[in-house]
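> The hints should help you fit chain B onto chain A, whose structure is shown.
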Amino acid sequence: MNASPIIRTRSVAKTYLIGNVRVGALEDVSLSVDEGRFVAVTGASGSGKSTLLNLLGGLDTPSAGTIEVAGALVSAMDRDALARYRRLGAGMIFQSFNLVASRTALENVELPLIFSDVDKKERRRRAAELLARVGLAHRAGHRPPELSGGEQQRVAVARALVNDPRLLLADEPTGNLDSQTSREIVGLLAELNRSQRLTVVMVSHEESLVREYAQEVVRLRDGRVVGTESWA
Amino acid sequence: MKFSDAVEFSLASLRKRRLRTLLTVSGVMIGIGALVSMISFGKGMQKNVTEAFKASDLFTTLMVMPGGPDVPLRDPDRPGRTASSGGRRDAVLDDAAVAEIARIPGVRLAYPDVNFPAMVSLGEKEEFRLVQVVPAAIAASGALKLGWGKPYASDDEEGVVVSQSLLRRLGTDEPAAAVGKTLRITSVSIDLGKLASLDLSALFSGKGLPVAREAYDFPIVGVTEITAFGGGPSPVQNEILIPPGPARRIKRLPMTSIWDLFRMRDGRLGYSAVSVKLGSLRDLERVKSRVGDMGYTTFALADQFEQVTKGFYFMDMVLAAVGMIAIIVAALGIVNTMVMSILERFREIGIMKAVGAGDGDIKRIFFFESGAIGLLGGAAGCVLGLAVSLVINRVVNFYMARQGMPRIEYFAFPAWIFFGALGFSLLVSLVSGIYPARRAARVDPVVALRHD
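Protein chains in written order, with my numbering: chain A, 5 to 236; chain B, -17 to 434.
Hints may contain errors.
Unchecked claim - Simulated crosslink set (DSS-like; lysine-lysine; CA at most 30 Å straight-line):
| hint | chain 1 | residue 1 | chain 2 | residue 2 |
| --- | --- | --- | --- | --- |
| 1 | B | Lys163 | B | Lys107 |
| 2 | B | Lys107 | B | Lys36 |
| 3 | A | Lys124 | B | Lys(-2) |
| 4 | A | Lys124 | B | Lys127 |
| 5 | B | Lys127 | B | Lys292 |
| 6 | B | Lys292 | B | Lys25 |
| 7 | B | Lys29 | B | Lys127 |
| 8 | A | Lys125 | B | Lys132 |
| 9 | A | Lys125 | B | Lys(-2) |
| 10 | B | Lys29 | B | Lys107 |
| 11 | B | Lys36 | B | Lys25 |
| 12 | B | Lys132 | B | Lys36 |
These aren't lab readings, by the way, just hints derived from the structure by calculation. Bear in mind that the values here come from a model prediction, so they are computed numbers and not experimental data.
So that you can see chain A by itself, here it is in the shape it has in the complex:
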């Protein structure tokens, strides 16, 4: 497979100020991810996996270094540009699903489209289409508390993809799921990766899932990349 990198980070560092103490979460992270790959990021808790993903997703900004996604310099974006990037450039899913409890599955999937000023009718159509793709057409009118964990994560996947981003970022998507459901969700991500050439970056510490579905892995320890491995 010969593709250009969709993600390129150079010497990315992230430090937090806790009180007066500077705490490093990431240090000198330089990565390159080719378009259409399924990359896993692993590491012990506190190794900086989620911080890296938040930086890639434009939820946070690095303290040093540059992040480039699909040719755009995410690390240099202002607040508005970052919001736009989160809306259109990269979809994200989380361990705790992060659905709005008071809105139905369909309305949750619609959410990014609302902030993209899409018409209500078109919104409904696209959200329903995405829900169908993740196999939840029959649960469209249910609210998150009425859905199982696996179903909620599927809704989150549909929501992440409704604006057709080229990049999907998954932060421990199976952390709250049983092993059977975990396989289904990661299987869904792998299927989307294959069928739509969607680039997936998934933080996970479940080695077996990573081995089975991902194509390469980036290992982090104490905020540094300690190894990369590619097997497909």
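Chain B only, in chain A's frame:
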């Protein structure tokens, strides 16, 4: 984010926290309600007074009084006027002066202000009143608004005009039937025959004043309609009017008699005041300066009306200030509710940001939410203010009616009060929403998503 979506988001959020929304909206409602009733009360009073002024020809009335301390020095060459060389001597309002004033171009009528105290009765009940002596020309001039009967035609006619409210006090609810009935006026005077044997010690203890009561009967020829704000120096000031002819033969206390009633000033007698009716407001300044030249003090209500208007402006400000206190409390309530709302929806804000909501979108959602509180509270406040005003008006009028007082609309509701209140409420709520909206927009999505 589209406008309609932002509205939907805001309303959904308000619906979700019904009780709190209701309480916050109630706060705004009470504030706006208070403001609406306060301002409509101010406007009502202003309207009543302005209309009464206009209705009773007060604008074209000029009061003339004997020279006072602020009278400019007079021309010593003028015939009939006292010279003012050295020490001041004031001009006297006698019959000649009244006649001279009446001859000034633009003056329609000039007549002395004379009244005397008396007991009046119609059958059983007796009331104490000031009886005002008014020439027939005034009674017929339109300054009197007669509801029933007609004014007396000449100064010597035996007849009186009374007010509807006096009749009510005397136990007659049907003014039409009262026309033609006989009103008894009982005057009080000093009994000169007994004066010689007056026991001074008894007099000082409040007893033994040699008063003589004398009763006079007059037919009622006309009844004036009740006017709410009939006060002021006008013919309708008193509730019983009598022409000068018959008044002359009524024995009264010398301090308040009619044509004999003169005030002692510099050894000369004069009236205490003369009412001058002008043909039009345009003549006011000219007549005023002519009368001033004659050495008298003038007082025109038209001049005072500007002061009255300023007074009402001030009253409006005070009333509005009271209403503003309620509004400020309501605004703090909105801020409090919105800040609480941010804390409760911290995670939801994080989610919205994570899926691509910009700062502006979040701001708009919260801004609209507080705006909706303002609009709802403003609309409810208009209804509340109107309702409270109508109830107060009703209750007060109910008690006033039992006192024989005329009905007054204490509140006025020009449309601008409601539009203004609604707009003001919206404005206050939006201003209250600025800080919470900014704060919501500043929420860090990473922190918010970690938040449980």
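> Work down the list of hints and note, for each, if the structure agrees.
Each hint, compared with the structure:
1. For the hint linking Lys163/B to Lys107/B, the alpha-carbon distance of about 14 Å falls within 30 Å, and the restraint holds.
2. Restraint check for Lys107/B and Lys36/B: the C-alpha separation of about 34 Å exceeds 30 Å, so the hint is violated.
3. For a cut-off of 30 Å, the pair hint linking Lys124/A to Lys(-2)/B stands: about 22 Å separates their Cα positions.
4. Straight-line distance between C-alpha atoms of Lys124/A and Lys127/B comes to about 68 Å, which puts the hinted pair past the 30 Å bound.
5. Among the hinted pairs, Lys127/B with Lys292/B is consistent with the structure: their alpha-carbon atoms are about 29 Å apart, no more than 30 Å.
6. At most 30 Å may separate the alpha-carbon atoms for a hinted pair to count; Lys292/B and Lys25/B meet this at roughly 13 Å.
7. Among the hinted pairs, Lys29/B with Lys127/B is consistent with the structure: their alpha-carbon atoms are about 19 Å apart, no more than 30 Å.
8. Taking the CA atoms of Lys125/A and Lys132/B, the gap is near 77 Å; set against the 30 Å cutoff, the hint is violated.
9. For the given pair, Lys125/A sits about 25 Å from Lys(-2)/B by alpha-carbon distance, which is consistent with the 30 Å threshold.
10. Our distance criterion of 30 Å between C-alpha atoms is broken by Lys29/B and Lys107/B, whose separation comes to about 35 Å.
11. Using a Cα cut-off of 30 Å, the hinted pair Lys36/B and Lys25/B holds, with the two alpha carbons roughly 16 Å apart.
12. For the hint linking Lys132/B to Lys36/B, the alpha-carbon distance of about 22 Å falls within 30 Å, and the restraint holds.
Hint violations for this structure: numbers 2, 4, 8 and 10, all remaining hints satisfied.
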